[in-house]
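Q: For reference, the chains in residue letters:
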Amino acid sequence: MVDPANTVGIPVNPTPLLTDVLDIVIPTIRNLDFLEMWRPFLQPYHLIIVQDGDPSKTIAVPEGFDYELYNRNDINRILGPKASCISFKDSACRCFGYMVSKKKYIFTIDDDCFVAKDPSGKAVNALEQHIKNLLCPSTPLFFNTLYDPYREGADFVRGYPFSMREGVSTAVSHGLWLNIPDYDAPTQLVKPKERNTRYVDAVMTIPKGTLFPMCGMNLAFDRELIGPAMYFGLMGDGQPIGRYDDMWAGWCIKVICDHLGLGVKTGLPYIYHSKASNPFVNLKKEYKGIFWQEDIIPFFQNVKLSKEAVTVQQCYIELSKMVKEKLSSIDPYFDKLADAMVTWIEAWDELNPATKA
Amino acid sequence: MSVAEINKNEVDIVIGALNADLTQFLSSWRTFFSGFHLIVVKDPELKEELNIPEGFDVDVYTKTDMEKVLGSTNSTMFSGYSCRYFGYLVSKKKYIVSIDDDCVPAKDPQGFLVDAVSQHVINLETPATPLFFNTLYDPYCEGADFVRGYPFSLRSGVPCAASCGLWLNLADLDAPTQALKTEQRNTSYVDAVMTVPAKAMLPISGINIAFNRELVGPALVPALRLAGEGKVRWETLEDVWCGMCLKHISDHLGYGVKTGKPYVWRNERGDAVESLRKKWEGMKLMEKSVPFFESLKLPESALKVEDCVIELAKAVKEQLGSDDPAFTQAADAMVKWIQLWNSVNSSG
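From first to last, the protein sequence lines are chains A and B. One point on numbering: in the working numbering, the residue at position 316 of the first sequence is 316, and numbering is uninterrupted. One point on numbering: in the working numbering, the residue at position 78 of the second sequence is 78, and numbering is uninterrupted.
In short, the hints are calculated from the structure, not lab data. On a predicted model such as this, the values are computed, not experimentally measured, just so you know. One or more of the hints may lead you astray.
Simulated restraints on C-beta separations [claimed, not checked]:
1. A:Thr15 to B:Gly111: 33 to 43 Å
2. A:Leu189 to B:Ser156: 14 to 24 Å
3. A:Glu308 to B:Lys199: 21 to 31 Å
The beta carbon of each residue, even a glycine, is placed where N, CA and C say it ideally should be.
Looking at chain A on its own, in the form it has when it is part of the complex (with noise of 0.2 Å):
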């Protein structure tokens, strides 16, 4: 068993990196009283919350955060008709964040995720090292078997060409959980008991060309590089899915980072994740993603971007137009997205004019 860290007592960071480039997206329904114990690594930064559900209800955010608080009558009064493309009841609203944020960085994290410790019973400070792996290169072109190469105490194997060594701009760093793992609901139910206590001490490049599952627990990414590709698509309330949205973010934004040459990495930091979701009400969610990703990953991992497309909306809106092509076959779902990704495209310009190409 694991248990997380006890933060009491922790001074808050005296030295945080980046604050006033990075923003933390937090999506939420209930509470945040999770952020108490986060105080000494997130209270030097701004918040982005993005409240899901009843707009009325007021969340109550603890003393000393500086944050801006957005409810779905903000999100509809914002963005008007084009509110269409954001999900209601499901923290994929969250992606609403991301696009009314100005800063360079993202940093996004659950409301059940507290502070993981390291094996040497030290709290993890999750924030600082998603921004050394968003600082520093990626590798997706030839993979280190020693992982991430720029890390103290680590380097280059026997045989790493020369010529890759420097390696290409992070665009998103993907962090892991332990405690209650991120599984499907099948898995959840198979293996209710399960729990996450193997802390691997590495941080590694994903290749070129490989597909992953990307979590939003616990994830940061350079908006500025491939922001406009992190939309966690048509979820919850009125959508025959759910528990997909990151899962979709994720595959978009590994096609378009592998097409433009940045890099996505994977592996520290880990959080402690405290709750485990109800595997029915899950199964219920995810249960046509499970068909649909047979076809769906296929499809990813055959798509071919063309040379013309040289910014994330482009590329974007090239990928939208062949979902709406090759996949409504698959269910009208996908004709939806394919439409909702076009109107967040157009949203995001709008909000972010100076971000275009």
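Starting from the known structure of chain A, arrange chain B on it as the hints suggest.
A: This is chain B only, laid out in the frame that chain A set:
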């Protein structure tokens, strides 16, 4: 899968002896080598007699044995670090585990000695997952599984062709890197095994490796020799080239290659700065190899490992032959290797 389920009769441990005195090496591994059959292959250029302690089930092969099997013209193919490939050739077992003779068992973070042999065999016996990356690494090990979003149709995995282990203390860095960071030692024990995704290239080190000989034996080719090849790993690239071929062929045939645990403890040997003094052409050869392997497509009709090697050799000769004579020699060696493999293994 557990250590108790390993069938020791299916494994050969192949050791290339570049040092004559194997007492310390074999004694340090005794617990973990016990019950296994060993093949020790002596570097044909090593003059002294081998010193092997009692109590091991071992067959020793020397230059004389090589010449008996191959005729005197071929033993240069197996000199230096490449001597171990002779062991791969004559083995009759399903799995091979091969460790450099300057490595001893490592300790895990709990202080227990790592049974590298068993971990390799477990890696080889459980499926690999090269078609989709699992963010919790090896899904088949205790306490882990496939994560949400991992396609169900890919969860049975594919056969594992090779298990590439790692090294604590002296990591397998190249001479310029180690010379620059003379004091750097690898102290990071990363508790994971993972499959290297299909199409991804990697530098496979021969220092601590295992493979399924029945599945891909002929693909481990002793082919690329540097002109100034020496008796320390900093002065070789044979395993890296072999690994590029192995990975490409595994990808083509739908097998997987794993990396990560087990760790071994690699002792100090040689001098990186000294090795740096030699003109290190390995760098140039790697730079040329990468775009070649990146764009290489083996024909659909190449369905057997041997055919893949022959096709690969043809492509090397055609596309890289004019760049450097080392590549032409490698291509010829690969063809010769398959001839030897077929002749030794059909009469065996």
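Q: Each hint needs a verdict: does it hold in this structure or not?
A: For each hint, the structure was consulted:
1. Remark: the range hint 33 to 43 Å for A:Thr15 to B:Gly111 is upheld by a beta-carbon distance near 35 Å.
2. Restraint check, A:Leu189 to B:Ser156: a C-beta distance of roughly 19 Å satisfies the suggested window 14 to 24 Å.
3. Separation of A:Glu308 from B:Lys199 is about 25 Å and conforms to the stated range, judged on CB atoms against 21 to 31 Å.
When each numbered hint is compared with the structure, no violation occurs for any of them.
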